[in-house]
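Visitor: Sequence:
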Amino acid sequence: MKKFTINTELLNNKHEILMMKQLTSADSLDELLSQQKISLLYFTASWCGPCKSMSPVVEGVSDMMNGRFNTIKVDIDQLPIFAADYGIRSLPTLMLVKNGEIIDQRVGGLPPQQLMQWLEQLI
Numbered sequence: 001m002k003k004f005t006i007n008t009e010l011l012n013n014k015h016e017i018l019m020m021k022q023l024t025s026a027d028s029l030d031e032l033l034s035q036q037k038i039s040l041l042y043f044t045a046s047w048c049g050p051c052k053s054m055s056p057v058v059e060g061v062s063d064m065m066n067g068r069f070n071t072i073k074v075d076i077d078q079l080p081i082f083a084a085d086y087g088i089r090s091l092p093t094l095m096l097v098k099n100g101e102i103i104d105q106r107v108g109g110l111p112p113q114q115l116m117q118w119l120e121q122l123i
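For the sequence shown, my numbering assigns the number 1 to the initial residue and increments by one for each residue that follows.
If you are wondering where the hints come from, they were derived from the structure by calculation, not from laboratory data.
Since the model is a prediction, treat every value here as computed from it, not as a measurement.
Hints are supplied without guarantee of correctness; some may be wrong.
[As the list claims (entries may be wrong)] With a Cα cut of at most 25 angstroms, we get these calculated BS3-like pairs of lysine-lysine:
#, residue 1, residue 2
1, LYS52, LYS21
2, LYS52, LYS73
3, LYS98, LYS73
4, LYS21, LYS73
5, LYS37, LYS21
6, LYS98, LYS37
7, LYS37, LYS73
8, LYS98, LYS21
[Said to hold, decoys possible] Derived CB-CB ranges, DEER-like:
#, residue 1, residue 2, range
9, GLU31, PRO80, 18 to 26 angstroms
10, GLY108, ASP85, 28 to 36 angstroms
11, PRO50, GLN117, 16 to 24 angstroms
12, VAL107, SER46, 17 to 25 angstroms
13, LYS37, ASP85, 26 to 34 angstroms
14, GLN113, ASP85, 14 to 22 angstroms
15, GLY67, ILE102, 15 to 23 angstroms
16, SER55, PRO80, 28 to 36 angstroms
17, ASP85, ARG106, 17 to 25 angstroms
18, GLN114, GLU31, 28 to 36 angstroms
For every residue, glycine included, the Cβ atom is placed at its ideal position computed from N, Cα and C.
Sequences are here, hints too, so could you generate the full structure?
Guide: Encoded structure:
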């Protein structure tokens with residue numbers, strides 16, 4: 001996972017940030033889910049208009065929460081098996097996974113504050 005350092009007024013000091021990880025193979029999901037107890041799966045597709053708006057929101061909120069969970073981006077066009085495995089019927093879909101169990105999910109776009117509140121309640 002690529003790491004970088006940012007300095008923002010909102011955070012008011014430097015933090016090491018973990019970027020959103022793009023899933024590249026079916027095998028890598030199990031590996032990523034085993035790295036931390038909590039993962040946010042972000043299901044998207046290149047043709048999905050709302051996904052294009054949601055991607056910077058998901059990445060920004062993940063960065064602001066400073067590595068408290070893995071954020072894993074799953075493009076269902078590249079890995080369609082996951083759409084079937086996880087019952088994805090609409091995009092974008094967010095799933096929070098803890099210890100291998102789906103604990104909650106949201107379908108559709110969310111504003112940053114609402115996404116952060118949802119995550120804070122569950123983590």
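Visitor: Against each hint, give a clear statement of whether it holds in the structure.
Guide: Okay, the hints, checked on the actual structure:
1. LYS52 - LYS21: Holds. LYS52 to LYS21 sits at ~16 angstroms (cutoff 25 angstroms).
2. LYS52 - LYS73: holds, 12 angstroms
3. LYS98 - LYS73: holds, 16 angstroms
4. LYS21 - LYS73: holds, 6 angstroms
5. LYS37 - LYS21: The hint holds at about 16 angstroms.
6. LYS98 - LYS37: Judged against 25 angstroms, a Cα distance of about 5 angstroms means the pair holds.
7. LYS37 - LYS73: holds, 17 angstroms
8. LYS98 - LYS21: holds, 17 angstroms
9. GLU31 - PRO80: 18 to 26 angstroms: At 20 angstroms between Cβs, range holds.
10. GLY108 - ASP85: 28 to 36 angstroms: Since the Cβ atoms of GLY108 and ASP85 sit about 20 angstroms apart, the hinted range of 28 to 36 angstroms is violated.
11. PRO50 - GLN117: 16 to 24 angstroms: holds, 19 angstroms
12. VAL107 - SER46: 17 to 25 angstroms: holds, 18 angstroms
13. LYS37 - ASP85: 26 to 34 angstroms: Because 20 angstroms falls outside the window, the suggested range is violated.
14. GLN113 - ASP85: 14 to 22 angstroms: Given range 14 to 22 angstroms: violated, Cβ gap about 31 angstroms.
15. GLY67 - ILE102: 15 to 23 angstroms: At 21 angstroms between Cβs, range holds.
16. SER55 - PRO80: 28 to 36 angstroms: At roughly 19 angstroms between Cβ atoms, PRO80 and SER55 fall outside 28 to 36 angstroms, so the hint is violated.
17. ASP85 - ARG106: 17 to 25 angstroms: holds, 18 angstroms
18. GLN114 - GLU31: 28 to 36 angstroms: Taking Cβ atoms as reference, GLN114 and GLU31 lie about 30 angstroms apart, which means the hint holds.
In this structure, the earlier hints numbered 10, 13, 14 and 16 are contradicted, and the remaining ones agree with it.
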